[in-house]
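Same order as they appear, the protein sequences are chains Z and U. Under the working numbering, the first residue of the first sequence carries the number 1, and numbering increases by one thereafter. Under the working numbering, the first residue of the second sequence carries the number 1, and numbering increases by one thereafter.
Any given hint might turn out to be false.
Unchecked claim - Straight-line Cα separation of at most 27 Å, BS3-like style, residue types lysine-lysine; simulated pairs: (1) K38(U) with K145(Z); (2) K145(Z) with K7(U); (3) K36(U) with K145(Z); (4) K239(Z) with K38(U); (5) K239(Z) with K145(Z); (6) K239(Z) with K7(U); (7) K11(Z) with K239(Z); (8) K239(Z) with K48(U); (9) K11(Z) with K48(U); (10) K36(U) with K48(U); (11) K38(U) with K48(U); (12) K7(U) with K11(Z).
Bear in mind the hints are in silico, worked out from the structure with no lab data behind them. Treat the numbers as computed from the prediction; the structure is a model and nothing was measured.
Residue-level listing of the chains:
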Amino acid sequence: MSLWEYANPVKFLNLSGRVLPWVALLSAICLVVGLIWGFFFTPDDYRMGSTVKIIYIHVPAALMAINAWFMMLVASLIWLIRRHHVSALAAKAAAPVGLVMTLIALITGAIWGQPMWGTWWAWDPRLTSFLILFQFYIGYLALWKAIENPDSAADLTSILCIVGSVFAVLSRYAVNFWNQGLHQGASLSLDKEKNVANEFYHPLLFSIAGFVFLFLVLVLIGTRSEIRIRRASVIVARKIR
Amino acid sequence: MTLELGKYTSFVLSAYVITIVLLALLIIYVLWRNAKSKALLQDAELHKDA
Numbered sequence: 001m002s003l004w005e006y007a008n009p010v011k012f013l014n015l016s017g018r019v020l021p022w023v024a025l026l027s028a029i030c031l032v033v034g035l036i037w038g039f040f041f042t043p044d045d046y047r048m049g050s051t052v053k054i055i056y057i058h059v060p061a062a063l064m065a066i067n068a069w070f071m072m073l074v075a076s077l078i079w080l081i082r083r084h085h086v087s088a089l090a091a092k093a094a095a096p097v098g099l100v101m102t103l104i105a106l107i108t109g110a111i112w113g114q115p116m117w118g119t120w121w122a123w124d125p126r127l128t129s130f131l132i133l134f135q136f137y138i139g140y141l142a143l144w145k146a147i148e149n150p151d152s153a154a155d156l157t158s159i160l161c162i163v164g165s166v167f168a169v170l171s172r173y174a175v176n177f178w179n180q181g182l183h184q185g186a187s188l189s190l191d192k193e194k195n196v197a198n199e200f201y202h203p204l205l206f207s208i209a210g211f212v213f214l215f216l217v218l219v220l221i222g223t224r225s226e227i228r229i230r231r232a233s234v235i236v237a238r239k240i241r
Numbered sequence: 001m002t003l004e005l006g007k008y009t010s011f012v013l014s015a016y017v018i019t020i021v022l023l024a025l026l027i028i029y030v031l032w033r034n035a036k037s038k039a040l041l042q043d044a045e046l047h048k049d050a
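Looking at chain U on its own, in the form it has when it is part of the complex (with noise of 0.2 Å):
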């Protein structure tokens, strides 16, 4: 597997990371949503009743 980019490796290799980057904090961003509301569902169903 060789790879050769030519004269355009840093314009391929930085659209590359970029996606990858916003990929990855839209990903954690969703996750970190989701605990948040079990977190906060949890909560407000265990005080319900206090």
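Same shape as in the complex, but just chain Z (with noise of 0.2 Å):
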């Protein structure tokens, strides 16, 4: 059996319609066990106060505006190499998901700085590529939205997803390559020396792990979603004929 034969629409229909409940609630007790026990049972940080607990809403929120980017580069880079609908269809359900989550890292991101850098917002490598990003989520929307032909819409927003994994890249390690800016570096490491403290590491995998399958969740209903609309499109476009 191969990978592939879920790019038939109605086999992945069929998956996706078995998986989708299970991933929702390990998404619902994740989410719920990430945050209940950030928020209310670990320590104020000795030099961030209580606003350490803004990390278990704005680090998973960061990382999946990022990787949103990257699953629609992987989906798009299938959809220009194997012409799959599907994969065209998961980049277009991901794009509205990694928008909020983007938007999510940024306004949550700003109102930490504001009491700990003493500013909502700054020039920052990190903090200007991540509203790069989210101009270029805002781009490929409105360019699915504007043209007509889906399979044009679809190459085209396939390109657009390509360059602007320049910026996903550079959100990434921008505290990297360049040493300067406000953001400090990465909350999480391989290097356990550069992880945060074991208080807040672990309340901070589940609130990622609750993040990551609330994104699949959403990708799947709204793949499934555009697989209908697409199907009804079609079917109306035999009838006018």
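Two independent chains are provided; combine them into the complex using the hints.
Here's what the structure looks like:
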């Protein structure tokens, strides 16, 4: 059995319909555990005070904002190379989710920045690349809306996605590329010494898992919707002919 | 369970409230589009042979 079988819309609808309730349940459990644990049962940080609690939403949202774009990139490349419609529709379905995750990361970052840095916004490499990524999300969605032919829209949005990936990479690695700006290094690292303290680390992992599963749920539902809308438009077009 | 957010209460609470509102709006939008797509397809299939 090949993975490409699921590029068939009927098979995709069957599989995703079976998987969806379990992923939704996992998402709800991880989000509830991570956010309640983080918000109510973790201590304040000795430097950041209670604002450290913002990391349980800011870090997962920022992580998903970048990874949603990478998921869209992979789906777009599959569309451009193999012309599987489901992959183009999956990329389209991921865009509004990524847009909201980017917005959450920008807003919660600004709210955290005001008491900690003394400013809501700074033209720091990571913040700026995130703002550009946000604009790429808006442009991507606008391009889908603007082009009537769905295959042309998929082609052009896929190219936009490849171009925008530069800023997704910059958003992820800006802190490492330029050793300047206000934004601190990553909160999570493979190097244990660079990680946040364990009291914050474990609830943060739950929260991240919750955001990842939520992203999957919303993209699966969104892709299923796009497949149905596409099928309905094909039926209507045949009838008109 | 006691929660003391100190002088940063408004910052922390507003971050959580805004996040929950944005996520709720996103979920509502995705579910609304899902319901709309089902209705569209049903309607198209119903009138396919008409």
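Hint by hint, here is what the structure shows:
1. A threshold of 27 Å between alpha carbons decides the hint, and for K38(U) with K145(Z) the separation of about 20 Å falls inside it, so the pair holds.
2. Simply put, K145(Z) and K7(U) have alpha-carbon atoms about 45 Å apart, too far for the 27 Å limit, and the pair is violated.
3. Only pairs whose Cα atoms come within 27 Å are accepted, and K36(U) paired with K145(Z) is accepted, the gap being roughly 17 Å.
4. Only pairs whose Cα atoms come within 27 Å are accepted, and K239(Z) paired with K38(U) is accepted, the gap being roughly 19 Å.
5. Of the pairs offered as hints, the one joining K239(Z) and K145(Z) holds, with about 24 Å between alpha carbons and a cut-off of 27 Å not exceeded.
6. At roughly 65 Å between alpha-carbon atoms, K239(Z) and K7(U) are farther apart than 27 Å, so this suggested pair is violated.
7. Of the supplied pair hints, the one linking K11(Z) and K239(Z) holds, its CA atoms being roughly 25 Å apart against a limit of 27 Å.
8. Taken as a hint, the K239(Z) and K48(U) pair is honoured in the structure, with Cα atoms around 7 Å apart against an allowance of 27 Å.
9. For the hint linking K11(Z) to K48(U), the alpha-carbon distance of about 23 Å falls within 27 Å, and the restraint holds.
10. Our distance criterion of 27 Å between C-alpha atoms is met by K36(U) and K48(U), whose separation comes to about 18 Å.
11. A C-alpha spacing of about 15 Å is found between K38(U) and K48(U), which places the hinted pair at or below 27 Å, so the restraint holds.
12. Proposed proximity of K7(U) and K11(Z) is contradicted: the alpha carbons are some 54 Å apart, above 27 Å.
Violated hints, in rising order: 2, 6 and 12; the structure is consistent with all others.
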